[in-house]
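J.: With chain A fixed as given, assemble chain B onto it according to the hints.
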Amino acid sequence: MIYLPHTDEDISSMLQVLGIDNLDDLFSTLPEDCRFNGDLNLPEALSEWELNDHMSTLSRNMAVSPEYKVFLGAGSYDHFIPASVSYLLSRSEFVTSYTPYQPEMSQGTLQAIYEYQTLAARLLGMEVATASHYDGATALAEALLMAVRITKRNKVVVSSLIHPLYRRVVQTYFEPTGYEVEELPYLNTGVTDATGLDEMNDLAAVAIQSPNFFGCIENLRVLGQKTHNKEALFVTSFTEALAYGLLKNPGSQGADIVGGEGQSLGIPRSFGGPALGILASGKKHMRSLPGRLVGKTKDLDGKTGFVLTLATREQHIRREKATSNICTNNSLCALAAAMYLASVGGTGIRKLARLNYDKAEYLKKKLKKAGVTITFDTPTFNEFVVEFPSGFETTYKHLLEKKIIAGLCLAPYYPELANHYLLCVTETKSKNDMDALVREVKS
Amino acid sequence: MKEALGTTGLLLNEPLLWEKGKKGRCGFSLPRRDVEPAFLDQELIGEGPDFPDLSEVDVVRHYTRLAQWNFGVDTGMYPLGSCTMKYSPKTNEKQASLPGFTGAHPLLPSGLSQGSLKMMFEFEQYLNEITGMHATTLQPAAGAHGELTGMLIINAFHKKQGYQRSKIIIPDTAHGTNPASVSLCGFRPVSVTSNEQGILSVESIAEIMDPDTAGIMVTNPNTLGLFEENIQKIAEIVHGKGGLVYCDGANMNAVMGMVKMGDIGIDVMQLNLHKTFSTPHGGGGPGSGPVSVAKHLEPFLPVPRVIEENGAYILAEDYPDSIGKISAFHGALGVVIKAYSYIRRMGPENLKKASQLAVLNANYIKEMLKGTLHLPYDRPCMHECVFSDKHQAAQKIATLDMAKRLMDYGFHPPTVYFPLVVPGAIMVEPTETESKEDIDQFVETFKAIANEACE
Chain A
1 MIYLPHTDED ISSMLQVLGI DNLDDLFSTL PEDCRFNGDL NLPEALSEWE
51 LNDHMSTLSR NMAVSPEYKV FLGAGSYDHF IPASVSYLLS RSEFVTSYTP
101 YQPEMSQGTL QAIYEYQTLA ARLLGMEVAT ASHYDGATAL AEALLMAVRI
151 TKRNKVVVSS LIHPLYRRVV QTYFEPTGYE VEELPYLNTG VTDATGLDEM
201 NDLAAVAIQS PNFFGCIENL RVLGQKTHNK EALFVTSFTE ALAYGLLKNP
251 GSQGADIVGG EGQSLGIPRS FGGPALGILA SGKKHMRSLP GRLVGKTKDL
301 DGKTGFVLTL ATREQHIRRE KATSNICTNN SLCALAAAMY LASVGGTGIR
351 KLARLNYDKA EYLKKKLKKA GVTITFDTPT FNEFVVEFPS GFETTYKHLL
401 EKKIIAGLCL APYYPELANH YLLCVTETKS KNDMDALVRE VKS
Chain B
444 MKEALGTTGL LLNEPLLWEK GKKGRCGFSL PRRDVEPAFL DQELIGEGPD
494 FPDLSEVDVV RHYTRLAQWN FGVDTGMYPL GSCTMKYSPK TNEKQASLPG
544 FTGAHPLLPS GLSQGSLKMM FEFEQYLNEI TGMHATTLQP AAGAHGELTG
594 MLIINAFHKK QGYQRSKIII PDTAHGTNPA SVSLCGFRPV SVTSNEQGIL
644 SVESIAEIMD PDTAGIMVTN PNTLGLFEEN IQKIAEIVHG KGGLVYCDGA
694 NMNAVMGMVK MGDIGIDVMQ LNLHKTFSTP HGGGGPGSGP VSVAKHLEPF
744 LPVPRVIEEN GAYILAEDYP DSIGKISAFH GALGVVIKAY SYIRRMGPEN
794 LKKASQLAVL NANYIKEMLK GTLHLPYDRP CMHECVFSDK HQAAQKIATL
844 DMAKRLMDYG FHPPTVYFPL VVPGAIMVEP TETESKEDID QFVETFKAIA
894 NEACE
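From first to last, the protein sequence lines stand for chains A and B. Those letters in the first sequence? Residues 1 to 443, per this note's numbering, in order. Those letters in the second sequence? Residues 444 to 898, per this note's numbering, in order.
Isolated chain B (complex conformation):
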């Protein structure tokens, strides 16, 4: 095996901010005072926050040292299943930091914000094309926020039909946020188990879908990395009883240019720009979770909507059936710019190729590691594959032990103990931006760890 990328870690002793500095220092260049102090009632004045006083150098060293103590995609392979930790191109950061974008006030008159409005309008069109849906909103600030928006739209749709339904079907392979998003909307999640092949069967849905069920929330491809092959028939059953089909599109990276969700019975879905469209995860955000809908749900999208009128872009509010506002302003535009730049750099062929290579990488890892690790569903996967620690159980070595050991070798561990349907799950999503050499080294490392377990 090649020499490992990692060691047992870089440890720094960096004190907390308030253990540093000295009263009277400042790391901020105070602007010139060109006006006289004005009267202010003493009653209104507080004590002022108890913050440390630090110099610019103190601040720079503090955060540089903290950064060195962190692992990112730019540090090494980060195969977290379900998180799509692909490389974030640097030009995206550059575009998002252009002063015309960063300095823009959200309530500028539309005539003075044509650049951002055009970008938003075009980006919505791109997402419509990629998903096969009819219309898109960029307002949700994260994937889970998009799920909530989608559920609110489903809720508003049924209300408009005059009959409020109480349940939503959620498979056991769904993301953990799904049931929480559903209950935030007042629905009761009804769990359904996937079959022995790891996907939903038509029969299981036919059995529980009833007129009191508002719809189904399917993650497709699901969290086992498998495509829900029966999705069209399932959609027919749900639609037949007046329900709607929500697709958690967090795993869209597997099927860009291969499947259009709008063509296979999906009514509403969210996309996670920080997954499929390469915007960085930022240690937990900001993300962006646009929601795309089929034509019959367009009236319910959040407002304002960007529309084109006589060659100019304006923000339109007049949609009486809209669910309202889900963010104070227009969503995480700074993130949207990065995803827009990504789509423009990639073009249609490379987006499709990205999905193909993501699926190639995942299947290659599945094939290379399946003797070493237990593979509960031995069939072609999409963008991620799920193993378990069953083979290592005899040596009393568990998933967590192997995950922690991977760090010593310089890899971020995969997602562990999720999805819940696989005990001791190890969920690997390499993404398309890992090269064959890096993947081979990951495979070799995992094999070495399994060997260590036997010793």
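So that you can see chain A by itself, here it is in the shape it has in the complex:
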């Protein structure tokens, strides 16, 4: 096996040093009744070339663009990734290193993550971003737990227009804690109905996603003010990070903590993971942030260097008193986002986000013209809800055969929205792709 470098001669000379005869004797301290003496029932080893065949067969059994025209968003977005990003990201010095516990040997990772934190904080208009988390859902759950810790109150309120799967992850995290999670309904304009807040007291946080699950842009400023009137923390979430290249960022609208998903920033969809949880706050709450933080410092000679910082919040020092049990970040995903944002740049991200917006508006306009109902008239980014005529399931299946995936059926998530679909357009969809979809829907 080419991954195992030992020759028979190596093995016997090493065994000799240990004074034993065979490899099995190494396990002499295992009690006999703990030993498994059979053979593992696994497929026999493949050669590298056989593996290539096997995996390429599996991977071909997946519907992906450009062969399929996929109008699915809902927390996972199709964006172009420059070759330079994929290429740089495969540098094995980045790929095969561990968490940077020894800063002398990991300045590369540390500087890159420090830069990522700064880029993420600037994108969101916040003061501090962590070194990253598992995904948008867990970042939101951590943001809400953080709000509970800061305010010492036990109840959080989340908008029903936060991604339904994120809300389920929040439920899972909150279940054993005894903290309460309540939901705010939505208005027929496709944004959160916050009137119920007036009746609620003793809240740790109010959480709003914008653009929300329907793609609609929430009025964060007003919602933030309402939240602050209740002396609760304003937590915002997002699934489409690119939106803030164009729209007002959550920090400028009063967000105290932001937790969302950065997959849009140069990370392939990969069936949903690995992803990039982005978590940011004001400096005021920095010491309550879970997970890793990289800081800039000077060495004894006055040279700039980077280290993991404020580690006393963390599990390996504080054990059960830590701010969370997280001991890693999704470092390589954060690195991908940093490389992507560096490549797109300040001028580029504006243009790219605007192009995304314009393309989605084009499809919206065309569908409307074709007689399809656009459910909500609130402005949207990249995604929007449409109501297709009843019986559209058949058309949907028919379109799948034509290699068009006409959005996400909303009924499983919002039972009141039968026949409603969430459509997504990014810069990867051409005018022709969109025209084809409209033609098919019309017929």
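Heads up, some of the hints might be wrong.
[Said to hold, decoys possible] Dumping the calculated PhoX-like pairs for lysine-lysine here, alpha-carbon to alpha-carbon at most 25 Å:
(1) B:Lys602 with A:Lys248
(2) A:Lys152 with B:Lys610
(3) A:Lys397 with A:Lys369
(4) A:Lys351 with B:Lys463
(5) A:Lys296 with B:Lys465
(6) A:Lys283 with A:Lys321
(7) A:Lys351 with B:Lys602
(8) A:Lys298 with A:Lys283
(9) A:Lys152 with A:Lys283
(10) A:Lys403 with A:Lys368
(11) A:Lys155 with A:Lys365
(12) A:Lys402 with A:Lys351
(13) A:Lys321 with B:Lys561
(14) B:Lys603 with B:Lys533
(15) A:Lys403 with B:Lys602
(16) A:Lys298 with B:Lys847
(17) B:Lys847 with A:Lys303
(18) A:Lys365 with A:Lys351
(19) A:Lys155 with A:Lys403
(20) B:Lys847 with A:Lys296
(21) A:Lys351 with A:Lys248
(22) B:Lys561 with A:Lys155
(23) B:Lys463 with A:Lys303
(24) B:Lys561 with A:Lys397
(25) B:Lys465 with A:Lys351
(26) A:Lys402 with B:Lys561
(27) B:Lys466 with A:Lys298
To be clear, the hints were calculated from the coordinates, so they are not data collected in a lab.
T.: What follows is chain B alone, placed relative to chain A:
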């Protein structure tokens, strides 16, 4: 001694991103604009993020230089104890980057995602076989996330029994994440000390296990690199009082094909694919921490579950006792593909051999260095061995000094000052992918450093 692999380091002055570039540059090929600009309310538009503008060359040089400033397994030996820094085969990277996998949307209809679903289904079966457990979820995104998932399952199990318990027993040789995972679930960790042999005694558990204790969380092999020999009797005691046994499987690399955790009383465990199954650590992630459970805990696994129905694979949601969702989608599938490729390339015999050679390498280092460094537990170890700086104390040389000096010689240092039960701990885990020559050079280097300490 052979010439050292390292020097006192490669230093680069690479400015921060925003100290580079010039307004108006771009390193991204903007897609063709084939639609007209649409109306957008000015009220909604922000100022745009304050990012630098860089050319593609600027970006490529920046990150190439940063990469050169980093040390990885591909650069040299990285014997971090408890981290299993084994070689990450390159074919795994290639498979994970196939367009059918990278381009797949997580909410594709199952009929259009049979490739990934089949891979997930088979991989769960492989992990069931390796662990001797009954069912597996791939949703947890990292080892600590798997621990949390396991604790949530234990919590849900007791709730279903109608009596919520408040404590979890955690040995002093546990990973630091263990007590944090436990308290995140509302349990109170109760610490128990290991005996003079470095393992748990049956008596110590019998003494504290009571009907208010939900279970025990054991790292096995433990962080001293020792197999918990009394695990079966401990499991009997815990089960006898209605508790469950969680095994932190981060150290599974020692016992693949040698021990099946499901056969020795374990109810639930996590595996760290970035340790045992060779996926790269990526400077701190992404990892993947699947959780495997015994039959009585299967109803509590996260949803959706991949199941096979009439030769096709589907995602099933209908498990009323499930703890729910622990990730937005299906977990770190891009990482799972690499671990799947590893298992397929290795096959059953080589997986077992990998564990044997990992244990051989660790014991060889223990034997070769035990005169040079103090060895607190002088008995056969598993995949890692733990020394201390006791012999060097007279010269006022501490673990940290030796660790930093190792870098000058071209090695990444071992894990230091952990586990906490050994003061000044030096925890060495070579893994099976280091050759005898590299290990000999590591040993020689450590001896040279110890000699320097005497000078």
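J.: Would you mind marking each hint as holding or not holding in the structure?
T.: So, going through the hints one by one against the coordinates:
1. B:Lys602 with A:Lys248: At roughly 45 Å apart (the allowed maximum being 25 Å), A:Lys248 and B:Lys602 break the hint.
2. A:Lys152 with B:Lys610: holds (23 Å)
3. A:Lys397 with A:Lys369: holds (23 Å)
4. A:Lys351 with B:Lys463: Measuring from Cα to Cα gives roughly 21 Å; hence the hint holds.
5. A:Lys296 with B:Lys465: With Cα atoms ~24 Å apart, A:Lys296 and B:Lys465 stay inside 25 Å; holds.
6. A:Lys283 with A:Lys321: holds (21 Å)
7. A:Lys351 with B:Lys602: Roughly 53 Å between the alpha carbons, so the hint for A:Lys351 and B:Lys602 is violated.
8. A:Lys298 with A:Lys283: holds (21 Å)
9. A:Lys152 with A:Lys283: holds (19 Å)
10. A:Lys403 with A:Lys368: Between A:Lys403 and A:Lys368 the Cα gap is close to 23 Å, so the pair holds against 25 Å.
11. A:Lys155 with A:Lys365: Violated, because 41 Å separates the two Cα atoms, which is more than 25 Å.
12. A:Lys402 with A:Lys351: violated (32 Å)
13. A:Lys321 with B:Lys561: Since the Cα atoms of A:Lys321 and B:Lys561 sit roughly 41 Å apart, the hinted pair is violated (cutoff 25 Å).
14. B:Lys603 with B:Lys533: violated (45 Å)
15. A:Lys403 with B:Lys602: violated (46 Å)
16. A:Lys298 with B:Lys847: holds (18 Å)
17. B:Lys847 with A:Lys303: This hinted pair holds, its Cα atoms lying about 18 Å apart.
18. A:Lys365 with A:Lys351: holds (21 Å)
19. A:Lys155 with A:Lys403: Violated: A:Lys155 and A:Lys403 sit about 45 Å apart, past 25 Å.
20. B:Lys847 with A:Lys296: Distance of about 20 Å is within 25 Å: holds.
21. A:Lys351 with A:Lys248: Holds, because 15 Å separates the two Cα atoms, which is no more than 25 Å.
22. B:Lys561 with A:Lys155: The hint is violated at about 41 Å.
23. B:Lys463 with A:Lys303: holds (19 Å)
24. B:Lys561 with A:Lys397: holds (22 Å)
25. B:Lys465 with A:Lys351: holds (17 Å)
26. A:Lys402 with B:Lys561: holds (24 Å)
27. B:Lys466 with A:Lys298: violated (29 Å)
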